[in-house]
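**Q** The lines below spell out each chain.
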Amino acid sequence: MELLRHAARVAWKDLRIELRSREIVYTMVFFGALLVVIYSFAFPNDARAIRGSVPGMLWVSLAFTGTIGLGRAFDRERENDTMRALLLAPVPRLAVFLGKAFATTVLVLTVAVVCTPLLALFLQAPLFAYPVPLILVVILGAVGIAVIGSVFAATLLKVRSRDVLLPVILYPLLVPLFVAGTSCTAALVAEIPNFDAAWYWIQFLGIYDAAFLVLSIWVFESLVIE
Amino acid sequence: MTALDEVQIRGVAKRYGHERALAGVTLELTAGSMCALLGHNGAGKTTLLGIVSTLVRPNTGTVAYRAKGKAVTGADVRREIGMLAHASLCYGELSARENLALIAGLYDVDGSPPAIEGALDRVGLDKKARDRAARTYSRGMLQRLALARALLTRPSLLLLDEPFTGLDRGGALALGAELGTLRDAGAIVVVVTHDLEAIAGRTDHVAILRRGQLVFEERGSYSYEQLKDVYHRHAN
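Those protein sequences? They're chains A and B, same order as listed. Its first residue numbered 1, the first sequence is counted upward by one per residue in our numbering. Its first residue numbered 1, the second sequence is counted upward by one per residue in our numbering.
Treat the hints as calculated values from the structure; they're not laboratory data. For each residue, glycine too, the CB sits at the ideal point set by N, CA and C. Don't take each hint at face value.
[Claimed, not checked] What follows is a set of in silico ranges between Cβ atoms, one per label pair, in the way DEER data are often shown:
#1 Asn59/B to Tyr130/A: 53 to 59 Å
#2 Val60/A to Gly170/B: 56 to 62 Å
#3 Pro113/B to Ala197/A: 54 to 60 Å
#4 Leu173/B to Val214/A: 51 to 57 Å
Turn these sequences into a full structure, and let the hints guide you.
**A** Take a look at the structure:
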């Protein structure tokens, strides 16, 4: 309980700062919306083609905007060396990780809340035909991006070329997440939806998130201490 | 909370790649003392503070913390550390009051408005500025806020890296006096500074680092002239 209380404190601090500045969320949402507009011009306006490509569009949008959010959320901790203040506090360092990961999850989900309806609107994609499994897979995807991303964003905090390194390191690790996310979304938007396949990928994503959460908890402290 | 009464640094060495930052430093810090850690830029002072603060892991050597003769580790050590670093360690988007409330929450200390006002009064932060975002503060105001942050948790081990930076003469001397008071109250105070005047007459332990090595260590009271003299003889 202590751990969760402190994690909530760290998360609330991040969200409070973001609510005040709206710097990260505006950038992420604007970029996400821009991607959707570009997709709507760049891809053929054909219902069958859209069904095939919209899962990729959704998850590429989440990946790109998620990376922007992660980078900036941790850059903020670098500005006055506040990460040092968090790590110096007598709370389990795991609480710092969980708090940051939770706040990042909220940011990624905010983008998803904007981008998904925009994709459905601009591309006439049937994304909301089955909203419950779609919401579930997007939440699991956001958690995965935030958990794995938080570990590497925190590790790269003092590295000069972190903006370049973060996606280079992060995306290969997120490949299974993107495969699961796009496959699940594709199964849901297909002309004949395949719920078994969707459920399989949701389960896969749940296991993937749990495995990386355990791994991240295990390595976080040793990675952030110089 | 158990106040630390001894910190034993034994043969601590640290390398960053091929660069040697510290080479086998051994130093003992005791309660009720103020150690002036001196040396030129790059001598290893900040690295040593980082190691003592538990945020930097030494390649070799150990740092042992003791309270009433018993070893203290982990979060119990961090609870006792107050740190003033080069950066303010405060969030620019939050006000002074919000920054201190956050720290009070993380340390489980009194974060009530009177306690926070008291901490801000103690460092003399302008009352009108206390609800403004810290990013709008001048360097001196940020330094005062950082000090309030470090003192709020009533630490028994205070690690101060260039605490007088950005303060005017009066502010620097007042801070020197405040550190003396904390030392007299039983805290272990370690000050890294180039402002010898501000700590003269207050420090009772001088350690000088040169290229990562401890080249001078002596206990006793030092006047400004004496500090200047030992610094120039050993730091160069």
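**Q** Determine for every hint whether it applies to the structure shown.
**A** Hints, verified against the model:
no., hint, in the structure
1, Asn59/B to Tyr130/A: 53 to 59 Å, "holds (56 Å)"
2, Val60/A to Gly170/B: 56 to 62 Å, "holds (58 Å)"
3, Pro113/B to Ala197/A: 54 to 60 Å, "holds (56 Å)"
4, Leu173/B to Val214/A: 51 to 57 Å, "holds (53 Å)"
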